[in-house]
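So the protein sequences, as listed, match chains A and B.
If you're matching positions, the first sequence starts at 1 in our numbering and goes up one per residue.
If you're matching positions, the second sequence starts at 1 in our numbering and goes up one per residue.
In case anyone wonders, no lab produced these hints; they're calculated from the structure.
All C-beta atoms in this analysis are idealised placements derived from N, C-alpha and C, irrespective of residue type, glycine included.
Mixed in with the good hints there might be a few duds.
[Unchecked claim] Computed from the model, here is a short list of chain A residues facing chain B with C-beta under 7 Å:
(1) Asn-29
(2) Leu-30
(3) Asp-43
(4) Arg-60
(5) Asp-95
(6) Val-108
(7) Ile-164
(8) Leu-168
[What the hints assert, rightly or not] Derived CB-CB ranges, DEER-like:
(9) Gln-114/A - Ile-82/B: 34 to 44 Å
(10) Val-85/B - Ala-32/A: 38 to 48 Å
(11) Gly-121/A - Thr-88/B: 46 to 56 Å
(12) Gln-36/A - Thr-88/B: 29 to 39 Å
[Said to hold, decoys possible] Stretch by stretch, here's where chain A covers chain B in the computed footprint (C-beta under 8 Å, at least three residues):
(13) 49–58
(14) 64–77
(15) 80–91
Listed below are the residues making up each chain.
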Amino acid sequence: MIRKRLVLTLALACVSLVGCAARQSTITNLPAGVTQAQVQSWDSAVANLHAIAIANSNLRVAVIQLHATLGTNGQPVLPSGQVYVDILTAIGRIDQAENAASSFLSTVPNNWNQSISAQIGSYTGAISAALQTLTNEGTLAVKGTAAQNQVSQFIGNIAAAIKIIASLA
Amino acid sequence: MAALGTLALIDSGVTLALQIGSVLVPLIKGAISSIKQDLSPQGTVVYTVVISTDQAELVDTATVSITDLVAINKELQAQNVIPLVVPTPPAAPPAAPTQGPPPTP
Chain A
1 MIRKRLVLTL ALACVSLVGC AARQSTITNL PAGVTQAQVQ SWDSAVANLH
51 AIAIANSNLR VAVIQLHATL GTNGQPVLPS GQVYVDILTA IGRIDQAENA
101 ASSFLSTVPN NWNQSISAQI GSYTGAISAA LQTLTNEGTL AVKGTAAQNQ
151 VSQFIGNIAA AIKIIASLA
Chain B
1 MAALGTLALI DSGVTLALQI GSVLVPLIKG AISSIKQDLS PQGTVVYTVV
51 ISTDQAELVD TATVSITDLV AINKELQAQN VIPLVVPTPP AAPPAAPTQG
101 PPPTP
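So that you can see chain B by itself, here it is in the shape it has in the complex (with noise of 0.2 Å):
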């Protein structure tokens, strides 16, 4: 990433090719400035990715959550305490929508 930091900065242009046998397949060819845009971890995302992502951490914060809930209630037992309240676990996130089969004719 700092190389196409350096070329960014005199407006290079690159192409990414990925060879196979004698053959060169171009697969990204641009200026970098615009390639190191896609390759940022902020750049642009779609609202889909963030609900279905941000849906599959609220579950994993549930989860945590009565993971500790479960271990501190062993631990308040073996002390003759009445156990804390542990909610249900969450239900896994809907899947991110997928492409149905091609319409047939």
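Chain A on its own, in the form it takes in the complex (with noise of 0.2 Å):
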């Protein structure tokens, strides 16, 4: 039964990936003073903010079910306590980042400059802090490598979705 869960999950998490390129090399019928590169960052960092949405959210479903999962001690894969209070509340913390962030990009529909990347930098710095708790204490904390690997791919997602919105001059 977990085994089904941590493959029907890494399924979930392949989906996610996708859409995290830069999706259009030409746009036309720009309006005066907007540039082709200023919508490219525009959509990029949309894409991968989504990726992020996902990947989190995927991780959320995850962590929630290997906390209602046994393990073949008769004990939780990820037990109750302070540790899994941790993890849940850093995955909120990306949610609440990435819903922030989403609400700012769009209000600049047209535009990416060092202002606006200044500003989805101190989001993604949010998110990335709260990445380093689920890091160390999450991939700790939960029981039996499959599951770890699993919490890690998500982590891993979410990262390298961070390292592309970062890399958008």
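Fit chain to chain and form the complex, with the hints in mind.
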């Protein structure tokens, strides 16, 4: 049963990777004063923020499932306690940051400059800080190599999307 | 698409048509290379389409985050922990501009 759930969640993780790359090579009918590069950067930020949301949501589902799943010793794969609370809180902080970032990006649909990049950087910084908690506590608290790999995979997906957003000039 | 790629190498021409009864109605006619470009997912796209598509994706991002926070808070409450703040759901993106009725003479 655990194996089935892991396979399903890993499959969802693969689907979540779709859409990370730059999506549009040429954008036509640009308004006056808006450059191709600005729209492409904004489009890429939107795509990667969405990739973060999907990976984080898959992580949330997996963590709650692992908490509800009993291992061979009869104990939850991810037991109750402070570490479980810390993991949930970290995932929730990522949700709050991605929500704020999506609200902000929707207000600047045709723009990408240093100021916008810095603002988005503050949100991705909050996501990175929460990821650090997940890396330190999440992978250690989860029992079993397969479940640890699953959690690491989602954390890796989120980190990869953050890296792409940070690289947008 | 693989067949189109092969034909494009020899710069062939093609006609795509729809058969209605005994009549063949041409849909697309031209060089393979130009048709292949039109079908490419990495091709040209109009600015307004990018904006409306991405705005919908941002709404989806916000919706996913809120769904997560609601589920997380349920778990936190079961652990006797104060829940996290859940943001207000986003408004739906504005509908794509549509052509109005033709002006009356």
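How the hints compare with the structure:
no. : hint                             : result
1   : Asn-29                           : 5 Å, holds
2   : Leu-30                           : 5 Å, holds
3   : Asp-43                           : 6 Å, holds
4   : Arg-60                           : 5 Å, holds
5   : Asp-95                           : 4 Å, holds
6   : Val-108                          : 11 Å, violated
7   : Ile-164                          : 15 Å, violated
8   : Leu-168                          : 14 Å, violated
9   : Gln-114/A - Ile-82/B: 34 to 44 Å : 37 Å, holds
10  : Val-85/B - Ala-32/A: 38 to 48 Å  : 40 Å, holds
11  : Gly-121/A - Thr-88/B: 46 to 56 Å : 24 Å, violated
12  : Gln-36/A - Thr-88/B: 29 to 39 Å  : 34 Å, holds
13  : 49–58                            : holds (count 6)
14  : 64–77                            : holds (count 11)
15  : 80–91                            : holds (count 5)
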